[in-house]
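Student: Read off the chains here:
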Amino acid sequence: MAAPLLELHDLKTQFFTPEGVVKAVDGVSLELHAGETLGIVGESGSGKSVTALSVMRLQRPGKIVGGEVRFKGRDLTKLSEVEMREIRGQEIAMIFQDPMTSLNPVFRTGWQVGEPVRLHQGWDKTRALGVAVSMLNKVGIPAPEKRARDYPHQFSGGMRQRAMIAMGLTTTPKVLIADEPTTALDVTIQAQILDLLRQVNREFGTATILITHNLGVVAGMCERVMVMYAGRIVESGPTVDVFAHPKHPYTWSLLRSIPRLDEERHEPLKPIEGLPPDLINLPSGCAFHPRCSFKMERCSRDVPALTRVGDTQFAACWVTQSGVELKGA
Amino acid sequence: MITPLPIDVPAVPSPAAPGQPARSYWQQATARLRRNRIGVASGVVLLFFVLVALTSPLLAAIFTHTDPRSIDLLNTFLPPLSPHHILGTDDLGRDELTRMFYGAQVSMGIGFLAVGVSLTIGAGVGLVAGYYGGLIDGLLMRFVDIILAVPAIFLFILMSILFKPNTITLALIIASVGWGSIARLVRGEVLSVRTRDFMVATSSLGASDLRLILRHLLPNVLHVLIVFGSLYLGQVVLIEAALDFLGLGISPATPSWGNMLTNSETFFFHSSWLVIWPGLTIFITVLAANLFGNAIRDAFDPRLR
Numbered sequence: 000m001a002a003p004l005l006e007l008h009d010l011k012t013q014f015f016t017p018e019g020v021v022k023a024v025d026g027v028s029l030e031l032h033a034g035e036t037l038g039i040v041g042e043s044g045s046g047k048s049v050t051a052l053s054v055m056r057l058q059r060p061g062k063i064v065g066g067e068v069r070f071k072g073r074d075l076t077k078l079s080e081v082e083m084r085e086i087r088g089q090e091i092a093m094i095f096q097d098p099m100t101s102l103n104p105v106f107r108t109g110w111q112v113g114e115p116v117r118l119h120q121g122w123d124k125t126r127a128l129g130v131a132v133s134m135l136n137k138v139g140i141p142a143p144e145k146r147a148r149d150y151p152h153q154f155s156g157g158m159r160q161r162a163m164i165a166m167g168l169t170t171t172p173k174v175l176i177a178d179e180p181t182t183a184l185d186v187t188i189q190a191q192i193l194d195l196l197r198q199v200n201r202e203f204g205t206a207t208i209l210i211t212h213n214l215g216v217v218a219g220m221c222e223r224v225m226v227m228y229a230g231r232i233v234e235s236g237p238t239v240d241v242f243a244h245p246k247h248p249y250t251w252s253l254l255r256s257i258p259r260l261d262e263e264r265h266e267p268l269k270p271i272e273g274l275p276p277d278l279i280n281l282p283s284g285c286a287f288h289p290r291c292s293f294k295m296e297r298c299s300r301d302v303p304a305l306t307r308v309g310d311t312q313f314a315a316c317w318v319t320q321s322g323v324e325l326k327g328a
Numbered sequence: 000m001i002t003p004l005p006i007d008v009p010a011v012p013s014p015a016a017p018g019q020p021a022r023s024y025w026q027q028a029t030a031r032l033r034r035n036r037i038g039v040a041s042g043v044v045l046l047f048f049v050l051v052a053l054t055s056p057l058l059a060a061i062f063t064h065t066d067p068r069s070i071d072l073l074n075t076f077l078p079p080l081s082p083h084h085i086l087g088t089d090d091l092g093r094d095e096l097t098r099m100f101y102g103a104q105v106s107m108g109i110g111f112l113a114v115g116v117s118l119t120i121g122a123g124v125g126l127v128a129g130y131y132g133g134l135i136d137g138l139l140m141r142f143v144d145i146i147l148a149v150p151a152i153f154l155f156i157l158m159s160i161l162f163k164p165n166t167i168t169l170a171l172i173i174a175s176v177g178w179g180s181i182a183r184l185v186r187g188e189v190l191s192v193r194t195r196d197f198m199v200a201t202s203s204l205g206a207s208d209l210r211l212i213l214r215h216l217l218p219n220v221l222h223v224l225i226v227f228g229s230l231y232l233g234q235v236v237l238i239e240a241a242l243d244f245l246g247l248g249i250s251p252a253t254p255s256w257g258n259m260l261t262n263s264e265t266f267f268f269h270s271s272w273l274v275i276w277p278g279l280t281i282f283i284t285v286l287a288a289n290l291f292g293n294a295i296r297d298a299f300d301p302r303l304r
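Order-wise, the sequence lines are chains S and B. Residue numbering for the first sequence follows numbering that gives the first Met the number 0, starting at 0 and increasing by one per position. Residue numbering for the second sequence follows numbering that gives the first Met the number 0, starting at 0 and increasing by one per position.
Chain S with its partners taken away, still in its complex shape (with noise of 0.2 Å):
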């Protein structure tokens, strides 16, 4: 296999705030191919954004403390600002969740979409608006002659993340890393972004990011996932098999979680007892373990490396390690 065109190695970024330090992301691994889509998934203030964000080194104010991001052989947490420059929006280009707030309001749509390629390949206003109306085109925005000249608060949340995309694309970055980019948007617009991401990945051959916590939008997008939990990566492998066969119990319980067409009615939701835990006082050992009704002994006492699990997942997981099949009531 060839060499993978992003992988982070161990990244630890920390937020330093009076109450003690946050530990966002504690520790991520992972590794991005040229033209495949992975998907990030996890609950809220598990650490997936901060990855994305420390990746275009845009954490601020957290510090990334430790930890490399190789991304086609540089390093990108020893880059100088200026370099850094370089590669983001060039190199890796980033949708947000919000459309809503994501563009400036103060800007005409078309000027903002071409605001890529005057950065990076100095070209004029002119120039600029002419590539921006051919984007907007791309991602199925209609008359977008005419609507570039329409101000953010005149497109629909929908056509705003479709303008987002296009100023992403702008570029043809190598790499694009959506942060739930259909949290925002009603199902049927979701839909639509999501095709147009499909059609990106296949008619640019961009690899994607794509950070979500919604399980369903992995299961149509992505060929590996990987599964954070407390700034950690708990699961990770080829979607099918991850939600075939579980191998970490937070894995599990999410999937679980998931009200299902084809079952029995009145049937209750299993909800994942207990909280997310505090980032500040992690707790020790296996940072699940206290909502886990599969713990061990060990769980509360030895921190657990993602290993391999079964043919082709990895696991950080105790139990799973030890041979145990995830089975519940």
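These are calculated hints, taken from the structure and not from any lab test. Treat the hints with care, since some could be wrong.
Here are the in silico distance ranges between beta carbons for each label pair [unchecked claim]: (1) S:Glu266 / B:Pro218: 51 to 59 Å; (2) B:Leu138 / S:Ile257: 46 to 54 Å; (3) S:Glu222 / B:Ile135: 26 to 34 Å; (4) S:Gly156 / B:Asp144: 41 to 49 Å; (5) B:Leu138 / S:Lys145: 42 to 50 Å; (6) B:Asp144 / S:His32: 36 to 44 Å; (7) B:Pro218 / S:Ala243: 50 to 58 Å; (8) S:Thr306 / B:Pro218: 49 to 57 Å; (9) S:His32 / B:Ile135: 35 to 43 Å; (10) S:Asn136 / B:Ile135: 37 to 45 Å; (11) S:Ala142 / B:Pro218: 38 to 46 Å.
Far from chain B by the CB rule (all over 10 Å, computed), these chain S residues [unchecked claim]: (12) Ala33; (13) Gly44; (14) Glu85; (15) Gly88; (16) Ser133; (17) Asn136; (18) Thr171; (19) Asn213; (20) Pro270; (21) Lys294; (22) Ala304; (23) Glu324.
Even for Gly, the Cβ is constructed at its ideal location relative to N, Cα and C.
Dock chain B against chain S, hints included.
Tutor: Okay, now just chain B, sitting in the frame of chain S:
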């Protein structure tokens, strides 16, 4: 944010119907401003004084045929409507109208220069403090606190003694105190804009700090500057007149509305027009500036809609 309230301005359809080119924030604001009659009227008054200031030698040549410094001891204290001296003459026989023309140069010159300089410094400091936060913010804002804590009049007096006041130094002296409040206002606005997603989104495109601040942040706080600048103009004219009046302003050789007042206070009961002309003019100017400032605020401040 851009959508005007229908109760406020029923005439504006918003957002623009599809197919029509969008009206920018700027166009909407100027449209609102144009509908405010008092605002437009006071704007016209201000513009009139600006034009007088810009063309005062020309006006003097056309209407009064005299120089503001030409002394005529045979024609002192002529009352208004005297031949060749529509507004009368002062204690040295100098033509009042000519001096009023030239006085506009001082008031308007200092007014706009001081506003411009305070806005530039204030916006710069506010943007930097708000954008970077942390230690830089702390240092800059404590400095502003110190400046604003000292009574401005003492600073004016001190600096008028240290620097020989002419139009430019006087404007700088006034601006050196005035930028503090602007810096505070701008910083506050920046703090709220900075946390909006589009700032991170724009950084993720690879924009430099300077570009982020000037190209993306500044337009979002511009309304604060426009509003404050227009309201501040009236204050500056008043401060300048007060400094002149106290003898700390422009040197008496140069006519200004303020020092014309000073000269004439002793003749108030004897020749009251010498007090009335500059006093009334200052009053009208400041009133127009304040009313215009209010109109601008109503038109430009997104929160008032």
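Student: Hint by hint, which ones does this structure get wrong, listed from lowest number up?
Tutor: Numbers 3, 6, 11, 14 and 15 - these are the hints that the structure violates, sorted from lowest upward.
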